[in-house]
Structure formats: structure tokens, C-alpha cells
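Asks: Each chain, written out:
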Amino acid sequence: MKVSFDWLKDFVDVQAAPPEVADRLTMAGLEVEGVEDVGDDVLFEVNVTPNRPDCLSILGIARETAAAFGLPLKTPAAEIGGELPPAGVTVEIIAPELCHRYAGRLITGIKVADSPAWIKDRLEKCGIRSLNSNIVDVTNYVLLELGHPLHAFDADKLAESMIRIATAGEKASIATLDGVERKLPAEALLIWDSRRPVAVAGIMGGEESSVKSDTVNIFLESAYFLPSSIRRTSKKLGLRTESSYRFERGTDIEFLEKALDRAAFLIRETGGGEVHAIVDVYPRKYVPLRVEADHRRINSLLGTDISKDEMRNMLSGAGIRTEDHGETFAAFPPAYRRDVTRYVDLAEEVARIYNYDNIPVTLPKTPLSGGGVTRKEKDREQLHESMRKSGFTEVINYSFMNPADLDLLALPDDDIRRRHVSVLNPLRQEDSLMRTTLLPSLLNNFVYNISRGAGDLRLYELSKVFIDRGERLPDEESRLGGIFYREGLPSIWKEEAPAFFTLKGALGSLFGELKVGDVEFVQSEEVFLHSGKSADMVREGRKLGFIGELAPGVVESLRLKVRKPEVLVFEMDVEVLLSFVPETLRYSPVPKYPPIERDVALILDEHITAAAVRKVINEFGSPYMEDVELFDAYRGKNIPEKKKSLAFRIIYRSPDRTLTDDEVETVHQELVEFILRETGGEIRG
Amino acid sequence: MDELPSLKQQFLEETDRISDLAGLQLVRAKYLGKKGIVTSQLKALSSVPADKRREYGKALNEMKGFAEETLKGLELSLKETEKAKRLLAEKTDITLPGRFTPFGRRHPISQVLSEIEDIFVSMGFRVEDGPEIELDYYNFEALNIPKDHPARDMQDTFYVSDDVVLRTHTSPVQVRVMEKHKPPLKIIAPGKVYRCDADVSHTAMFHQVEGLMVDTDISFSDLKGVLELFIHTFFGRDIPVRFRPSYFPFTEPSAEVDMGCIFCSGGGCRMCKGTGWIEILGSGLVNPRVFEMAGYNSEDYTGFAFGMGVERITLLKYSIDDIRLFFENDIRFLRQF
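Protein sequences appear in the order of chains B and W.
First residue of the first sequence? That's 1 in the working numbering, and the numbers climb one at a time after it.
First residue of the second sequence? That's 1 in the working numbering, and the numbers climb one at a time after it.
If we strip away everything but chain B, and leave its shape as in the complex, we get (with noise of 0.2 angstroms):
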């Protein structure tokens, strides 16, 4: 809100230079953003809270500035004088508990026209714009000013004279001020002449019996109306005004005739006329409200020591009415201050006028506790360490994802990444539905990174992702992926492994880090990736995700010059990959014997893996047998045509005693006859 130095001084008569004003609002809790020099004058951009309607104005700032100088408040002109009487506009509420107070004044014989330049100059230098009505401009003056919103009727063109407040009901309809035709919410309280709506109550006019030029009397009201039910019909409307604002904040009812009363002065004042007295239906009278409170409570909330007596006075500069109790004393805060409601609130009071400077600072006193972290998260840990030990940039990315990404994927209609949540008001299309996956941003981080010159691309994301399982809430689940690129550049020293095995490599270490082992490759079904070089990784029997090669179809739907076409990407359920950490580890004996290694070199059908010839090898299960390495794979020249050749090196040790050479050979030759039987391959010479 902006507030005007000069309009402060009519309230309050501050002598400090406008910064030292501006610091002292801040510490009070009304934070100045911004201090500017206009002409003559200085403009505050206060940040008001919602908790504090109460200082929506110029006169609610002017008693704040006051409680912090320790200066008196002044208050404007608003003597109406011999008053006619409240001839003509009959006033009826309807329905009461929407509106706790309605009062108005006829003003007859007036003048439209144009604002003195006072008037327009201080409007717009808060920000609202003269509208070339010195009626229209007063009750926007008095808003700014003393913060009650009021409205101004042309009083000819109330029905049968008649004001009436209660809500719409069925198909009401109202042309609002802004020349829109609106159709009103039932519950929307709107105020009603005998036939019909002349405005929205509290939000805006209507246009009809609003005034013009050639208005010569008026009604002008001053009410009180639900703040919950202004907001409800603000937003139902999409509507919001100056007035609206402060109304569905709280506007203060005990003080709404003098609103009335300085609008009424100022019209006069402006455009001439006569007032009459005021129409006032009041049914629900405002009680103000007892709060208990005890000084050594609020002291050991603050971890303050503050006396009863001191409190007191301090809550008294701050317009809040006390009465000593011994050794309690109970508070009464003005209508103005509906935020203050308990003894929690006095105690921000006391605090705000103390300074929350002087509060002291201390340690708590309760006792030391196992903070920490648990397991989960060391593991977490782990998993960012070792993507990053491995090349991997982390990346983070929104949590939404484009409708289309879920075809470009061309996941099948049956896919758990279809089950998605859908956001109802997206910033963007394109950001309308939340993660089921994390492959959609890595590839936009890909095509981001590429097309400004990358070669070279190791990213990785751990994050959530939702699925809809018809819960009341999504499944929120961890998913690390990854996207792995190389162009392959002239680089000085050579000898890289294929991408594949390069990235397969990066998660072998993270299963080493996370000690979690037996991880094996099968076939993957995923229908984005290229069917030969994508695996599924599986542990018993339950899937931790995929690695591979993108198909060649989803490379070229994303319409990016690439220089090698293999583009690398991986994804992994978190949770799933940590259940198989073990939970505690346990030493095993380093060897005191030498190790007998032994070479077999084989010629095998094309079709039989690395995995299957290991897993005969396991099988035949010697004791001495402590290793297995793949050392060789080969296929081409001096291999026969479908045919390829791996070599293994076996590891035989006996922890108790050093092997003989002829022992292992024994055992070397059996196992290599049992591989030549189990997979009908033979030695390569």
C-alpha cells in the first residue's frame, strides 16, 4: 500500500526525517519495501499483512507512527453541523448475519463535478485514478484515508427510495460499474432497492443507480458486511476492488459513521449540498472481546521480564483497553484489532512495542537429543556421491511434465507412468501434469545442453515422481535417472569403453557403493529404448529399473542435430534399489594363501551371454574357486562366422592352505569340461 508522508502528518504530527519513520514501521511490523521521493512529498510502499486490516489507511499507519513516537493522534474535520432530518431512504437488512451494520446519510442538492486538485493530487499519488467526480473521489479519499470503503447511490434512482441487504438467491443479475452484466452467486449479499440489485454489496455498484453528472442527490453508505462473505463472492466473481480488499480483511464497525461522517463533511465541502442525518441499523451489535492475561505467561513466552504495570501501559499505546486483576489483568482490544483474540496475541503486542531487538537471546534449555540422520538418508547420500564420482552433474528439474511426453515415449496404455496427476491450473499447458517418470526432463535437459554446444553429457536427477493409484493422495516415490551422451571428440588418450558399457560401468559402481550385489541384466520390455542394447536390472526377481540405448524413433522426435546416435538413459526406483542394502556388514578374513589363476578361452554360439556362461561356472561350484573374471570378448577375425569367443580367468584359492599347482589343474580341467558340455562350446585354440 502507499502511503503518503504529507496525508500522515494531517493524522500525526511526526518531526523524524521519513526514513527514520519508514525503520520504525518496519520494526513494528509494518514493513516499509520501498521509500521514494515524489515532489514535495515522500511515498511509503507498505507491506500490510492480512492480519492487520486495521492499518489498510493512512489513519491506521498515522497510529501505528503515533504508538511508536509516543505522540498524540489527530483527527480530520468531519463536523456535519444543523443535520435535516434522515428524510426519505427507508434502510432494512435482511439478512443480518451478512451484514452486522448498515448507516447512511441522504446528501441532497449536490453538484457533480470535477475534484479539487488537493483531492486528486493525494489519490493519485496513492495510486487511485480521478474520475472527474468529486463524489466518486471523496469516498476513494476517505477509503485511503481512514480505510472504510463507502459507496455513493444516486438516490432518484433507488426504488421506491428502499435499501434493502440480503443475498442474491436464484438467477439475480446485476451491470456492475465496470460495464460488465454479472450473474450473482445465490449466496452472494448483494444491496437491493424495492425491485432489484443496485450493487454487489461491499465489491462494487451498480451502473444504473450510480452517479453521474447530472446527479443532484445522493446516499451514501457506510457498512459492515462478513468479511468471509465478500471474499467468497469476490472470488466467485473473479471481482476485486479496493473495496473488496478491505471488506473481506475486516473493516472496523464501531467506526464506520465516522467514515460516514468525514465523506459527508468532504462532500459538502466539494460539491455543496446538504446532509441529512444518518440512517443507522445496527443488529448486531459488536462486543468487544475479553482476553486474559497473566504477565508471567506472556514474560515466559517471550523470555522476558517485563512488570504487569509496564505491560499494561504498553498495550494501552497500542489502543488496547486493560483492567488490573491482582495478579492477572484481562484486555480489551479495540474493533479494530480483530486479529488480537488471545493471550498469544497480547503477547505479540507486548512484543512488537518492546522491540523484538530487546527480546533477549537464548539457548534452549531442553536437554541434548539424538538429532540426526537416518539410515535412508546416508544411503541417498551414497547414491549422489557415487553418480557424481562417476562423471554425473546433478540437475533438478520441475516437477511437471507435458501431456505429449508420455507419447513420445509411446508408453503403452496399461503403463503405471500413465497414471498420472493432473494439475488443474498450469502455469503452462506443457506443465499440467506432475512426474510419473524423470526421463522427460532429462531428455529436455539433453536437448537444452546440446543444442548449445555440449559434447559430452553425464546428468543425473533423484527426485520424486507421483502415481495416481486412486488414493486420495498420489504415491510419492524416489527415482534416480540419468541421461549419458558422448560425442566422442579427437581426445588425446583413447581406448573408451562402447556408452553402454560406460554407463552400465557408473551403476556397477553405485551397486559396489551400496554394497548391493547379484544385480542382473535382462532383456527390457521399455518400448522407448532401442531393443538390443537396453537391459532391465533385476534383483530377485523385482525390478530396479532400466539402462539403454533411447530407440532410435524417440532420438529423432526430438529434432536435434546430434552427431552419434547413441543417447543413453537409465531410471531407477529408489526404494526398491535401498531394500536390498544390507542392513549391517560383516568382516571377512583377508587370505593368507596365494591365489592359482587359470585362463579358459572359448568359442561360443553368438546367442549365449556373458551371464549364462558365469552362471554355469557358479554352478559347477568348486570350493577353491574364490573368482571369475571376464577378461576377453571377441567376435571377427579367426572366429568363425555366428560364433564368438570370451575368455575367463578363474581365481582358485583355499583359505587354509597353500593349493598345489596339480591339485588345481585337476579341478581347472573338470570345469572346463563341464563349460564345454553346458554351453556346446569349445577351447579357442
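Hint data in this document are derived by calculation from the structure and do not stem from the laboratory.
Check before you lean on any hint, since a few could be wrong.
As the list claims (entries may be wrong) - In silico DSS-like pairs for lysine-lysine, Cα to Cα no more than 27 angstroms straight-line: (1) B:Lys533 - B:Lys615; (2) B:Lys644 - B:Lys494; (3) W:Lys317 - B:Lys389; (4) W:Lys64 - W:Lys43; (5) W:Lys147 - B:Lys365; (6) B:Lys183 - B:Lys157; (7) B:Lys125 - W:Lys273; (8) W:Lys43 - B:Lys376; (9) B:Lys365 - W:Lys180; (10) W:Lys182 - B:Lys378; (11) B:Lys376 - B:Lys504; (12) B:Lys376 - W:Lys182; (13) B:Lys258 - B:Lys376; (14) W:Lys35 - W:Lys64; (15) B:Lys236 - W:Lys147; (16) W:Lys85 - W:Lys43; (17) B:Lys389 - B:Lys236; (18) W:Lys58 - W:Lys35; (19) W:Lys91 - B:Lys494; (20) B:Lys125 - B:Lys258; (21) B:Lys212 - B:Lys183; (22) B:Lys378 - W:Lys180; (23) W:Lys192 - B:Lys376; (24) B:Lys235 - W:Lys147; (25) B:Lys378 - W:Lys192; (26) B:Lys285 - W:Lys147; (27) W:Lys317 - B:Lys378; (28) W:Lys273 - B:Lys9; (29) B:Lys183 - W:Lys147; (30) B:Lys494 - B:Lys504; (31) W:Lys43 - W:Lys83; (32) W:Lys192 - B:Lys389; (33) W:Lys273 - B:Lys2; (34) W:Lys147 - B:Lys171.
On a predicted model such as this, the values are computed, not experimentally measured, just so you know.
Chain B is fixed; fit chain W onto it per the hints.
Replies: For chain W alone, coordinates are given in the frame of chain B:
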């Protein structure tokens, strides 16, 4: 016998011409080998007349000793030279790059999150997690933000349905934890939050760290102590910290925490909008209504809660001027951290 001095002369001349170990071996064989000159002459001593034999034998042995010494010395120095030559030949361009796969980097937000977590964990806080897609009840109602309350305007909300939202803050974790655990409580809840808002200083998703401490006797001064300790640990001992009144529906009293501007040391600059202060945290004492909603007796307990924006802290830490950089994931940006 007379030829001995000339033999020595000849030996020295030949020795002078030795340029490598092979040459040295030749010379050694020629003089000292089985059939070498000196060896042969020694063998032939018996044919020397007896009166001269003794003297001649002595001279020959001296000659032998001299030749051995000389060649040994020469061999040593030749070996040194050859070693040096070999090393020279193997000299490599040590300025060529090393072969390595550069480690990747953690995202700056991730790094700062860890740093924040570590500080609170060291103070005995436990790390908690909660859903990002949250019930309206936990995100708003249980935090004393009823429907139709203007405080809802403070946060632009993404809706999934009437009663399900993308959480707008990490505060719902407070309530979920309180429903499950009795005090004393000391938790932080880091995570993603969402607001329907996007410009230079706002993104539709960002990260917060929520904190909550509840016990029988927690005061506002304790809140000040813990948060000052945090800011001093994170930003440095000498950073001034101030608390000023603010409003959050779930705390009362509420406080905004500012720290002295680290760019201008309080003198006033663009980053602090000339005020010398930078807003860093929201905090306050837990509103008794929140305790009541979570099933605590608000007469028995007090506590404080706080929340901070991780992006904001990261922007400050690295002087980054556009929050959107965090989610563009440009590798040239990410590799700097």
C-alpha cells in the same frame, strides 16, 4: 720390460677414446681379459730372466691394478651418463593433460540444502519428509488458514482437486509429525514446494527448509538464539541479525528475520534495496491453534517454527541474479559449483 711405459701410454690413449660401455668392455678384454695383454704378460712372467722377474712382475701388477681402477671408474661414470641419456630419451611432455573422468557436481541447491541440514543436525534436529502433493487440510486448515481466509492470498496455489494441492510450503510436515510424535520435538523438513507464480525472482517450484521445536518451555528468546546461531554458522560470525514483527497464520508472535546485507555490509545497495538488510527467514512461536489441530494440549507446550527459502539463500551465497538459472540446468552453470 721397457715396453711397459708405452703399454700404459697406449692403454691411456685407448681409454680416452672409450665413449660407451661396449667400448669399455673391448678395452677391458684387450688388456685384462683371459687373453688380454696384461694377463698374458703376467702368465709369461716365468720366461722373464730371474733377476728382472721380480721387478717386472711388480710393475706388471701395478699396471694391472691401474688398468682395473681406471676402467672401474670409467665404467661408473659411463653408467651414470647412459642412465642420464636414457632418462633424457624418455622425457615426456608433462604439460599434456591427465586422463580422468571429471567428477560431476552436485546441484548448487542440493549443496546448500546439505549445508543447512548439517548445521541443524549438529544442533540435534532430526530430518523429516512429507508429501509434495498434499491435502488442503495439512497445507492450510491445520495451519490456521481456513478456507475464505485472506491469508490464502499470501500463497498462489496449484490445485489438483478441491481438497488436494501442491504444497505451497513445507509447513504441513510440522502437523504430520506432531500427529505422530509427542514432544519434545526437534525436526527440520527440507523439500520442494510449489507456487503458481513465475518471474525473475519466482519459480513455480522451489525448495524450503522447515524447522520445528516443541517442548514444555520454549520461548521467543530461544527462537532468536537458535536462528542467530544458524545464520552465524552459515554466513559468518560477524553478520548482524534482526528480528521484526510479521504475520504467519500458524505462528504467534511471528517474526521475519533479516541479516545484514552481505554485499554492502549494511551501507545500502541494489541487493538489499538500499535498506542494508536482507530478509532470510520467516519464523515465530507455534500458534496454539496449530497445537490444538494436531492434538497437542496447547496449555502444556510451547514451540517455535521457522521456514527458509533455499533458492534465496543460494542466490545470496553465490551472488546469482536470476532464480530461473537453477532449473535451466545448463551444464556450464552447474559445473561452476
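Asks: Run the structure past the numbered hints and jot down the numbers of the failing ones, going up.
Replies: Hints 5, 8, 13, 16, 17, 31 are the ones this structure does not satisfy, whereas the remaining hints hold.
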